[in-house]
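A.B. asks: Listed below, chain by chain, are the residues.
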Amino acid sequence: MILPDELRARLRDLRLVARSTAGGDGLGMHASRSRGAGLEFAQYRGYEPGDEPRRIDWKLFARSDRYFVREAERDSPLTLWIVIDASASMAQADRARANYSKLDAAKLLGACVIELALRQGDRFGLIGLSTEQLRFIPEGAGPRQRDRCLLELDQLASGGALPDATQLKPFWERIRPGSLVLVLSDCFDDGLVELAMRLSAARREVLSIQLISAEERDFPFRNGHRFRDQETGAELRVDARTARDDFIARFAAARAELAKRLAATGVRHIEHVLDEPIDKPLRRLFGASQSMVERR
Amino acid sequence: MSVALLVPMGLLALAGLLIPLLIHLIRRPEQDISDFAALRWLRESVRPKRRLRFDDLWLLLTRLVLVSLAALLIAMPIFRGDWRTAHHVIVADGGIDLAAARMQVGEIEADWRWLAPGFPSIEEAAPTIAQPVSSLLRELDSTLAREDRLTVLVPAQVAGLDAQRIALVHAVDWQEVAAKAQTSATDQGPTTRTIAVRHGPEPISGDRYLRAAVEVWSSLSPDQWQIDDQPLGIPLPAKTEGLIWLDAAFPGSIKSWVEKGGRVLVVDGKVGQGEPVWRDEQSEILASEERLGRGAVVHLQSPLSPRSLPVLLDADFPRRLQELILPATRPSDRAFSREVEPSVVERALADRDTSLIPLIGLLLALVFLLERVLATHRKVA
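Those protein sequences? They're chains A and B, same order as listed. My numbering applies: residue 22 is where the first sequence begins, and numbers increase by one. My numbering applies: residue 4 is where the second sequence begins, and numbers increase by one.
Fair warning: there could be bad hints in the mix.
To be verified - Ranges between beta-carbon positions, derived for each pair:
id: 1; chain 1: B; residue 1: F57; chain 2: A; residue 2: E278; range: 40 to 50 Å
id: 2; chain 1: B; residue 1: E47; chain 2: A; residue 2: F157; range: 33 to 43 Å
id: 3; chain 1: A; residue 1: R258; chain 2: B; residue 2: V10; range: 42 to 52 Å
To be verified - Not the full set, but computed from the structure, chain A residues with beta-carbon under 8 Å of chain B:
id: 4; residue: E237
id: 5; residue: D239
id: 6; residue: L257
Since the hints were made in silico from the structure, they are not lab data. Heads up, the beta-carbon is just placed ideally off N, CA and C, and yes, glycines get one too.
Work out the full structure: start from the sequences and follow the hints.
C.D. replies: As structure tokens, this is what we get:
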């Protein structure tokens, strides 16, 4: 999975930040209470507006007449976990764009944040959930890790329902307190929502992006229609025109309810509709204004 | 002025209207199935109403119109009656002088034609041979619409008539125009016949019947008969064809005239001489004809009184008398034009129908085009 160039360009001013900063060693991008010596040099990175000027390597500047910032191995204590819901309902796509399902959107979002994490030198891991496959990539950093995760994303396919809590328990424990968890799902399954709330209550920072198709938002069907649920297989015969208002009202109520629940436990929850640009939710979560706030 | 159908059974094709209706009915089992993840928030709604619903209404309507037009075409519609304005047709006999005719008729807007088969336009050459005038006039009369006006221009003498008097539906404006200044030696005018009547010093009995008959001839056709009624001794006028001798016996001069080709009628009762030419119901000979040289003597039974000859009082006695005196001739097809002016009779005219088939065909083609556009446009959408 390769990000298109123009999408990559739009990600340039996004930063992954965590609200609660955990203690870690060394200087890093993230303000930390512990400052110590023993920097392990990792790489030089070109200076970008927003970097702290004290991080600039002046010797290199003297030699090359360009600004570079030192980055160290343990400078970035942030660990990002990407949790992707690959149940059968994620195969939903709009009729207008039948090859772009919710799962495709989730994969694209995952690839974007992996790119962000890689740029910042943060560590990241991947969890993909469905009955048939339970994919787990342990956390790591660097381009190799990125390639591993992208390969896993490519192979991820939707189907079945989510695994139950007992199956997931060992994996949840790998998610350390202080890590950033990004849940990419349509949140139709309450099990995942419960787990997100539990994680958030247990000192992990949870971000949730709910994926919604344009048809679910607008319900543009006409005449008599038969609908089928991919997960349960149930069918419903409906007169679309009369059912439209009712559906929109109930679905909106359910979404509002969900947002309230998640907010109550400290989960940052946003919605993303498939016909919107893909960087919009990322901008809301990780946009420049956010990182400015954090630096203070 | 009405629309009618030549083949009303063709409207049975309207049963084909069912076919587009059936095709366009939305059939319940064929509803689309869509995958929908948010199904749990969808409430099963009231079933769609039982009334029939049709898919793509405009295309359906276009197809119904198409089938109706096709059925109408099979039924062959026509438009009865004449919706054109009344014409004024001026038809001219070939023998008239066209310039004089135009001057006489004046500047009126009319359709000028020659009285010839096909009724060619006046621009073409005049017909040279004699035309069957009566027949052509009847034909023209029946082809014109009731509202049209007809003017006929004829010379003083008209040829090509048949034995029936011309009676037309249209009130004809019968105008006599100067004939063409052409001389034709073969042209014979309608013969003016000269009959001479010679009476003796004492009138014979019953001569008033003969005079009355002759009177009838000249009153019916004054131009055709010239009667010369003189006492004996006055010489006969030239070209006398028939002579009525109201005296006992005729002299030798008359006899020689008869031998040269004249005919004389004598009331002497000698009906035994010659061939009997007229018998009554009892087969009594009333008149006989005796050939004399190139002429003939016709003996009439005497005395001329109604008691002995009841036929004297018959209505056709003048005609009989005419046949006796004059030789049977070929019926003439010539007459003076003012004598053969047509009379008006009430008759049904064949209605002029215009077929509506080309119009319906054109409409059908246009609607078919529209239907094709709507059908293919729908698939794209």
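A.B. asks: Run every hint past the structure and note whether it holds.
C.D. replies: Against the structure, the hints come out as follows:
| no. | hint | result |
| --- | --- | --- |
| 1 | B:F57 with A:E278: 40 to 50 Å | holds, 42 Å |
| 2 | B:E47 with A:F157: 33 to 43 Å | holds, 40 Å |
| 3 | A:R258 with B:V10: 42 to 52 Å | holds, 49 Å |
| 4 | E237 | holds, 5 Å |
| 5 | D239 | violated, 12 Å |
| 6 | L257 | holds, 6 Å |
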